[in-house]
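Asks: This is what each chain is made of:
Protein chains: 2
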Amino acid sequence: MTSRVYASKKVIADTFFKKLEKDNFNAITISEIVGEANLSRSTFYRYFKNKYSIVQFFIEDLLDAYLLAVDEREIEDFTSLLVIYFEFWKKNKYYLELFKRHNLLDFALDIERKKFLKVLPYSDLPWHHNSSENELFADLTVIGGVWNISLYWLENDFQLEPADLAEEIVKSLSSYKIFI
Amino acid sequence: MTSRVYASKKVIADTFFKKLEKDNFNAITISEIVGEANLSRSTFYRYFKNKYSIVQFFIEDLLDAYLLAVDEREIEDFTSLLVIYFEFWKKNKYYLELFKRHNLLDFALDIERKKFLKVLPYSDLPWHHNSSENELFADLTVIGGVWNISLYWLENDFQLEPADLAEEIVKSLSSYKIFI
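These protein sequences, in sequence, are chains X and G. Just so we're aligned, residue 1 is where the first sequence starts under UniProt numbering, counting upward by one. Just so we're aligned, residue 1 is where the second sequence starts under UniProt numbering, counting upward by one.
Honestly, the hints are just simulated from the structure, not real lab data. Since this is a predicted model, take the numbers as computed values, not measurements. Hints should not be assumed to be uniformly reliable.
To be verified - Restraint ranges, calculated between C-beta atoms of paired labels, are given here:
(1) ASN38(G) / SER175(X): 44 to 54 Å
(2) LEU98(X) / ILE178(G): 37 to 47 Å
(3) GLU21(X) / ARG101(G): 41 to 51 Å
(4) ALA163(G) / THR29(X): 45 to 55 Å
(5) ASP157(X) / LEU160(G): 20 to 30 Å
(6) PHE17(G) / LYS100(X): 23 to 33 Å
To be verified - Computed cross-link-like contacts, PhoX-like style, restricted to lysine-lysine with a CA-CA straight-line distance of at most 20 Å:
(7) LYS100(X) / LYS100(G)
(8) LYS10(G) / LYS115(G)
(9) LYS22(X) / LYS114(X)
(10) LYS114(X) / LYS100(G)
(11) LYS49(G) / LYS19(G)
(12) LYS51(G) / LYS18(G)
(13) LYS51(X) / LYS100(G)
(14) LYS19(G) / LYS115(G)
(15) LYS22(G) / LYS51(G)
(16) LYS177(X) / LYS171(G)
(17) LYS114(G) / LYS100(X)
(18) LYS177(G) / LYS171(X)
(19) LYS22(G) / LYS93(G)
(20) LYS18(G) / LYS91(G)
(21) LYS177(X) / LYS177(G)
(22) LYS18(X) / LYS100(X)
(23) LYS49(X) / LYS93(X)
(24) LYS51(G) / LYS100(X)
Unchecked claim - Listed below are several chain G residues computed to face chain X (Cβ distance under 10 Å; list not exhaustive):
(25) ILE30
(26) SER31
(27) GLU97
(28) PHE99
(29) LEU136
(30) PHE137
(31) VAL146
(32) GLU168
Cβ atoms here follow ideal geometry from the backbone N, Cα and C, with glycine treated the same way.
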């Protein structure tokens, strides 16, 4: 994706997400989006199939920012990774709530699952580095586990700081690993 | 809940889920449901607030059947529990697909999370028996993890048998627990 293509897609996505603040997902039309973004319908359809493909682009773009944040930090252990994950969703809490309000959370989990399953085995983190076949179900468990914890955290209005949350999770998992 | 109340709620839920086979969630009216179930509107509103509360009842009823299956079997270890969980969703694959089609999967995860968090600490299973505060995040990880694996399994058309799937999961988690 060239930077010009990316910029056009981002304008469309930002316009759409701005409208989602007030309007119903189904009520927003492509004509309204392209009108407000000052683009033609043909430009829209060059990049997107429908409103769901805008959401997909937007979420993948969010997750790319998360993966970049992981790359840029020294990750010593699983706890540090969890801290970054929850800092990320805390910062993007607004979007989590928006996905919930528009019934897009399951769609978001689908995108996160597919994207992470693709990139995790090639990650530099010590538990991925051997990139064995064997990691599929551990990855799926962690992806679904942290997702579920984020939703629980959202429901409980983000009471815990990311660092405390990460520490609690690892403490809890540690005491249960004897059963695995 | 008396058995008469349960029976009425079940008739309403079954009628609604029968309609969901063909009709759109939003298009189905309460009048149609009570008409087909041969009940009055006032009976409906004694038991349910809206269509989402029917779905909630239906999913909680499904999960009760799962918890009963767990109670009735000798669970030796985490693997045996996973086998029952995935046997259960394999048997109820039709409903998972129906939830997906009607964009109800996130609602289903919310219900599963709340219900399991309530009952798990009082379960007789060896890893719950101490019912410590400490289990919250391990429970959330497992609830979200197996949910995510079920969705992955659904996407891949249930290729693996529940027993093989459970074994693969435990093998994968075992090799990753040194990082926790």
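Asks: Each hint should be assessed against the structure and marked as holding or not.
Replies: Each hint tested on the structure:
{"no.": "1", "hint": "ASN38(G) / SER175(X): 44 to 54 Å", "result": "holds, 53 Å"}
{"no.": "2", "hint": "LEU98(X) / ILE178(G): 37 to 47 Å", "result": "holds, 38 Å"}
{"no.": "3", "hint": "GLU21(X) / ARG101(G): 41 to 51 Å", "result": "violated, 28 Å"}
{"no.": "4", "hint": "ALA163(G) / THR29(X): 45 to 55 Å", "result": "holds, 50 Å"}
{"no.": "5", "hint": "ASP157(X) / LEU160(G): 20 to 30 Å", "result": "violated, 38 Å"}
{"no.": "6", "hint": "PHE17(G) / LYS100(X): 23 to 33 Å", "result": "holds, 24 Å"}
{"no.": "7", "hint": "LYS100(X) / LYS100(G)", "result": "holds, 16 Å"}
{"no.": "8", "hint": "LYS10(G) / LYS115(G)", "result": "holds, 19 Å"}
{"no.": "9", "hint": "LYS22(X) / LYS114(X)", "result": "violated, 29 Å"}
{"no.": "10", "hint": "LYS114(X) / LYS100(G)", "result": "holds, 16 Å"}
{"no.": "11", "hint": "LYS49(G) / LYS19(G)", "result": "holds, 18 Å"}
{"no.": "12", "hint": "LYS51(G) / LYS18(G)", "result": "holds, 13 Å"}
{"no.": "13", "hint": "LYS51(X) / LYS100(G)", "result": "holds, 18 Å"}
{"no.": "14", "hint": "LYS19(G) / LYS115(G)", "result": "violated, 26 Å"}
{"no.": "15", "hint": "LYS22(G) / LYS51(G)", "result": "holds, 16 Å"}
{"no.": "16", "hint": "LYS177(X) / LYS171(G)", "result": "holds, 13 Å"}
{"no.": "17", "hint": "LYS114(G) / LYS100(X)", "result": "holds, 16 Å"}
{"no.": "18", "hint": "LYS177(G) / LYS171(X)", "result": "holds, 13 Å"}
{"no.": "19", "hint": "LYS22(G) / LYS93(G)", "result": "holds, 17 Å"}
{"no.": "20", "hint": "LYS18(G) / LYS91(G)", "result": "holds, 17 Å"}
{"no.": "21", "hint": "LYS177(X) / LYS177(G)", "result": "holds, 7 Å"}
{"no.": "22", "hint": "LYS18(X) / LYS100(X)", "result": "holds, 16 Å"}
{"no.": "23", "hint": "LYS49(X) / LYS93(X)", "result": "violated, 27 Å"}
{"no.": "24", "hint": "LYS51(G) / LYS100(X)", "result": "holds, 18 Å"}
{"no.": "25", "hint": "ILE30", "result": "violated, 20 Å"}
{"no.": "26", "hint": "SER31", "result": "violated, 23 Å"}
{"no.": "27", "hint": "GLU97", "result": "violated, 13 Å"}
{"no.": "28", "hint": "PHE99", "result": "holds, 9 Å"}
{"no.": "29", "hint": "LEU136", "result": "holds, 6 Å"}
{"no.": "30", "hint": "PHE137", "result": "holds, 4 Å"}
{"no.": "31", "hint": "VAL146", "result": "holds, 7 Å"}
{"no.": "32", "hint": "GLU168", "result": "holds, 6 Å"}
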